[in-house]
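Chains C and S, in that order, give the protein sequences.
First residue of the first sequence? That's 1 in my numbering, and the numbers climb one at a time after it.
First residue of the second sequence? That's 536 in my numbering, and the numbers climb one at a time after it.
Don't take every hint at face value.
To be verified - So the derived label-pair ranges between C-beta atoms look like this:
#, chain 1, residue 1, chain 2, residue 2, range
1, S, I929, C, K9, 55 to 61 Å
2, S, L1032, C, R387, 45 to 51 Å
3, C, K324, S, D1069, 48 to 54 Å
4, S, S1075, C, S519, 20 to 26 Å
5, C, R320, S, S1075, 33 to 39 Å
Claimed, not checked - With a straight-line cut-off of 25 Å between C-alpha atoms, the simulated BS3-like cross-links for lysine-lysine are:
#, chain 1, residue 1, chain 2, residue 2
6, C, K177, S, K610
7, S, K538, C, K228
8, C, K520, S, K1047
9, S, K657, C, K227
10, S, K717, C, K214
11, S, K752, C, K413
12, C, K348, C, K396
13, C, K123, S, K717
14, C, K9, S, K758
15, C, K396, S, K538
16, C, K93, C, K104
17, C, K11, S, K755
18, S, K737, C, K93
19, S, K769, C, K104
20, C, K177, C, K348
21, C, K214, C, K227
22, C, K93, C, K9
23, S, K710, S, K752
24, S, K617, C, K227
25, S, K540, C, K213
26, C, K227, S, K540
27, S, K617, C, K12
28, S, K758, C, K11
29, S, K755, C, K9
30, C, K446, C, K432
31, S, K717, S, K765
32, C, K446, C, K424
33, S, K769, S, K657
34, C, K123, S, K737
35, C, K413, C, K429
36, S, K657, S, K610
37, C, K169, C, K213
Claimed, not checked - Cβ-to-Cβ under 8 Å is the rule here; a few derived chain S residues that face chain C:
#, residue
38, M590
39, M594
40, L606
Source of the hints: derived by calculation from the structure; they are not laboratory data.
Because the structure is a prediction, the values reported are computed rather than measured.
We put the beta carbon where it would ideally sit given N, CA and C, even for glycine.
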Amino acid sequence: MTLNQLLRKNKKQLTLYLIGAFMTTISGLFFTLALSNAFGIIEEADFAGIWRRIALVLLFAFTPILTQMLSRFLRIGFMRDILIQVRTLAYEKIMSHTYESFRKNPKEHYMSMLVSDINLFEKDFFLSFLNIIYSFGSFILGVTILTFISPIIAVATLFVSVILFAVTKLFEPVARKTKQQTQEANADYNVQLTNILNGMEVIKLYHVEENFKKPFENIVFALENIKKRAFRIDEFQSNLNHWIAGTFQMIIYIYATYLYIQDMVTLTSLILVFNLIGQLVWSMISGFNFINRFKTSIDIFNRITQPQVNPQAVNKMSFREVLKVKNLTFSYGDHRILQDLNFSVKPKDKVLIIGPSGAGKTTLLNCLAQNLSTYQGEIIVDSHELRTIQTESFLKSCGYIRQQHFLFNDSIKNNVILASPFNKEKFDKVMKDVDLYDWITTLQAKEDHILEQDGLNISGGQRQRLSIARELYHDREVLFVDEPSASLDDQTAQHIYDTLLNLDKTLICVSHRHLDYLSKHFDTKIELETLGVAI
Amino acid sequence: MRKLKLGNIPWLIVNVIHTIFFVSLSGWNIYLLKVITDYGLAREMDKVLQTAQLMLAIMLGSLILDSIGTLLKSKYLETSLKQLKNHYIHQLMEQDITQLQKEQCNIYRSNLTNDFDRFEEKFLFNVLEIIHMASRFLMSVVIVATVSLYLVAVAFAMLVIFVFITGKTNKPVQKSEAKKSKSLQEYTDFVNETLNGFEIIKQHQLQNLRFDAFVSKATKVQKDNYTVDKQSTKVDALNNFIQTSIIFTLIVSGILFARSAEASLGSLIMVATSFGNVMWPLQRFTPVITQMKGIINVLDEFDKNLNRPFIDRHIRVNDFQSLLFEHCDLGYEDDPQPILQSVNLDINKSEKVLIVGHSGAGKSTVLKTIRQSILPKNGLVRLDQTNIFDIVPIDYYSLFATVDQIGFIFNGTILDNVTMYQPMDEQKVRDALNQVGLSDLDIHEPLRNNGANVSGGQRARLMLARALCLNSEVILCDEIFSSLEQSIARSIERDILNLNKTIINVSHIIFKNQLPLYDKIYIVDQGTIRLTSDIQEVWSRMILTDV
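The shape of chain C in the complex, shown without the other chains:
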């Protein structure tokens, strides 16, 4: 969704916002009127005239307060709604990534999109939007009034506004570029923060606090430096505009004084012109200053919300006959990991993938589980190439037990069943299958025991078994398993293997341990060897 579409979607709120924003434009004019009426007191001869003037001053002075308040109430609802939607769009964009494209960037990259970038957008977009409306609204209003008093001055004002516009244009590319750099620096800063915050315990254990402060200081230095540059560019542009505008106001005043000396204008007009010109040039300046900020905020919007384009898959997953791997080759950059693999798997087969560390066992599993798509060769499921099968339909029949066991900050139960309905009987069976049933009965809250994020309050083996339980509970036709016994002692490991092997499912499993035992029980063994070939 583009920003335009988003605004159009919120037409009603937008209209209120615009009404609110235009309301502010009269406040400057009213202030001038209040002031000029105050000066008018001098020309009044009697008390009645003076009181009339004072009444007008009060009217013109207080109306803007009410309009300001009303204007803000009309605006903030729109701001709230838009920001909720922008956050949502940015979130959707991130979630629309495939595993593959998600992993191209560090996690902090996404984090800063959803946090700092949105903060930046919030700050810049609304502030500049409002100021542009306020400034140009006041400008048009002012120039119209000026045209009636002195057309020459009105034309001169328009001319100066063209100069100010040119200055703004001149600064635009460099302003946008530094904003972009600021964002990149922010992302780097976030990466460094992860290093320090997540690695704090390791840093302490190795007593390298001082060594980590240095790179942190460097990154803070880089970030604050680029922010400094951005600030200087903004400010310098604004200084220049102020100077042009101030000089112009001065010249017009001298010209008006000349007209007065020549008896061509009255004293009141002189003051009115002086005030009005002041109003106009200042609002022009702020308007132009905000144009660049407005544009950069739109850049941010586009970057954080542009949806990920994923290849369209059309076929449904169906695995009735055979899964065929033909000449499968895979490389990470210059490193070839898999070369010309050929094998096939039938439904309910138990397949074991073995090989030395770094030989590409997990990579092969990732290719088969649709987590990597940039392989060469073919993986055919029944009659469809794997890449043409819709992810959703694929996931309905395939489960994947990964090496990294992620757990939500939620109960044991919810971590296992996730979005599926809870079936106590099935749950207990699964827990017995992974040898966690006894442990759960010792817990006070049983299966409602709350786990910390990443399961920090349970052991590595328990984490591993919970993630196995999760896949068993979901009961998929095909199960990809990566090192199911890594953190388990042998008894538990055997129990888990027995469970997996007894499933009436297709099992594709990677392991580097218990090979003698496993070789006996699996139907097919695929042995990978280290290539380490640079291409």
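Chain C is already provided as a structure; the job is to place chain S on it using the hints.
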């Protein structure tokens, strides 16, 4: 943190001095406005043009001074933020290891990103603005004083009234700001969890479920923001009303005063312009102060997050002969039930010690206690005769190198990950990598996302290389074989057992023919630990391991 709130003081002073110069220059210009108007009224065109030249020259001077001001302001902001952020990290690093809490991690992150951004915007920028406003206010007062001292007294009275009002009206806004901080925190936590669990969420198609939760968190943030906006709108309107009443009363009475005193039109314009200058800072003054007071709580939060009771550790050590656990009950702070009871361990210098046991039996608890991540619930852990919690942390940790079960891979090159940014001979790093069988890796290859681009086995071996590169007395191994293939695990075990160091290896994977290489073997079983010399007993537990 709070005492650093004003940022870099020297640069702040430079900015104050500069602002005074700059404002004096514009004050001069306002004075010349009076002069030029009076010449105009006297119809002396020559003198008008002369004054105009001077005024234009001053304006050019202002441009130059203004640009210098930009440089100075940006320098102030830059140095202040560097100072604050580095101070924060410094404080964080100063914490004792027993005080580290993983769940605080997100709070620290939010402090160092969101909250600092807000602090910069709402406090530091406003400090500069207040200086500017105060200078303009004083300048205007001086100008008004040239016309009437009575008006000066009124201007000061206004200032007092405004400061008083400000103090009264910003309370509810402060409260809402704190609430907003909290919802932002929850939002950030949720985002963080989502990103960590990206794969599981995708795999189980939980997007919709998570999506609703996300929208509700995002909505809460914006709703709280809306409340802040609403409240400050009311507060601002009230302040505006009071200010405008006073200011226009002043302007009108000023004009009436000038009218009766028959002052020149030039003076009148000058007084009006000056009042305009008084009015502008005063109008801004209230919202600025409100914002600053609202945000200063953030620094108090920082202090609360960072300040921990001081732990006195003063005993220095540089070597040890023995590490003793005496009748210790070990477990986690928030769990009243200990995991292991009456643990007795006796580990002497250069001994090779193996601790075996089932998954979940509590093997890692022992190591966590040695690493001081948890305190024993009962009993003492002594290094020679000293309680380990009395030893200066850096001395204590220098004795140990830990190879972890989870371990953390930093975003950085392999070299940085092994050396942890300590100066070290590259050859030494290569030797260590060689020893753990990673000689084929390019040490300058960058690692990302907690090592997502290395395999599980490579990761474990990197951790080991890290430990080998440090000259520590003791190597603590926590399940390092679990993600290694047999042959490599076997040879690594042999290598480390041959090192002239104390080795404490916690593992559920053992190799029968290497068991005799250990001096002591402890079995973790039924809630306690016992020493065994019966290799057959140890072996019989490991029914599956290949020989």
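#### Entry: Earlier hints that do not hold, by number
5, 10, 15, 19, 20, 27, 34, 37
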